[in-house]
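Student: Could you build all of it, start to finish, from the sequences and the hints given here?
In the order they appear, the protein sequences are chains P and U. Note that this note's numbering has the first sequence beginning at 1, numbered continuously upward. Note that this note's numbering has the second sequence beginning at 1, numbered continuously upward.
Keep in mind the hints are simulated off the structure, nothing from the lab. Note that this is a predicted model, so its numbers are computed, not measured. Worth double-checking, as some hints may not be accurate.
Since the list gives no way to pick out one identical chain from another, each pair is judged satisfied if it fits inside one copy or across any two copies.
Unchecked claim - Dumping the calculated BS3-like pairs for lysine-lysine here, alpha-carbon to alpha-carbon at most 30 Å:
hint : residue 1 : residue 2
1    : Lys16     : Lys105
2    : Lys3      : Lys105
3    : Lys105    : Lys2
4    : Lys16     : Lys3
5    : Lys88     : Lys2
6    : Lys3      : Lys88
There are 2 protein chains.
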Amino acid sequence: MKKITIGEASRQSGVKVPTIRYYEGIGLLSAPSRSEGNQRSYEPTDISRLVFIRHARELGFEVDAIRTLLILQDDPNQSCASADAIAKARLIDVEQRIRSLMALKVELEAMVAGCGHGRVDQCRVIEVLADHGQCAHNHH
Amino acid sequence: MKKITIGEASRQSGVKVPTIRYYEGIGLLSAPSRSEGNQRSYEPTDISRLVFIRHARELGFEVDAIRTLLILQDDPNQSCASADAIAKARLIDVEQRIRSLMALKVELEAMVAGCGHGRVDQCRVIEVLADHGQCAHNHH
DNA sequence: CCTTGCACCTCTAGTCGCTAGAGGATGTAG
DNA sequence: CTACATCCTCTAGCGACTAGAGGTGCAAGG
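Tutor: Dropping the structure here:
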């Protein structure tokens, strides 16, 4: 059981060093034991936890949601209904975001396509921003 | 030329009152004249500017980008190449975001579909988070 | 043994784009 | 004249980090 430094934990988990300390500060990760010289010393389980957190963050889960998911993970007898609900909520959020971004894409494409590369007073980019009524996809 | 209060400006532009003050503070909007009792008094051009800013924010442009766009708008003789570049950069960003969100959607759908609504130790939501190698769409 | 130099420590402040609240002044309608 | 809405300034908070200052620990080379 060799000690894992925070730098090593960072390399193994893909979570940056200051972020690991930040997660400890907000209580997402429990405080590890310390070396004689007061340096953090992690266990393999801490690495798994960090990987778990990183994946969840990559999937856009908020820290509060991750906190709940971690509690669930620690108690395997519990019903996974909460985990399911969190994931479903996240899915709905992602779908909503995709829809708005698609709408934005349409507007931006129209703006860029309409730009004749001339002077600003003929520029559709500026024009559309000044008067939303001229938008391709008027969503107000 | 009746005076426009900040509340009226807010109603007409769709930008919240504290946000208008905030925009003034960061120099997006020039400080308006004041009434005898030190209350802000806006001109119709200020409303147009606020509308411009709101549309740009709705399209996800950052404040710095909007600052540039506003400078361009104020000088109609300039080439619109910068405006075009800003809009194009934004379009590329939006397209990138859509791509990542679609990938997330696939993963989340797999997680949710795999959840048998049993106990946590059989829950795919938790499982996938703990071991990214099991992801439907492994993007590491 | 000693120095070099990197990795570690704590703490504070900054990022972005607002939003909320305190505590007080002004303006308007009845 | 009194309510009451709206306005003012100022500071602090949000989420999820990131950056930097100023100091300590530790392993390897000379």
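Student: State for each hint whether it applies.
Tutor: Hint-by-hint comparison with the structure:
no. : hint           : in the structure
1   : Lys16 x Lys105 : between (33 Å within a copy, 26 Å between copies)
2   : Lys3 x Lys105  : neither (50 Å within a copy, 38 Å between copies)
3   : Lys105 x Lys2  : neither (52 Å within a copy, 39 Å between copies)
4   : Lys16 x Lys3   : within (18 Å within a copy, 53 Å between copies)
5   : Lys88 x Lys2   : neither (40 Å within a copy, 51 Å between copies)
6   : Lys3 x Lys88   : neither (38 Å within a copy, 49 Å between copies)
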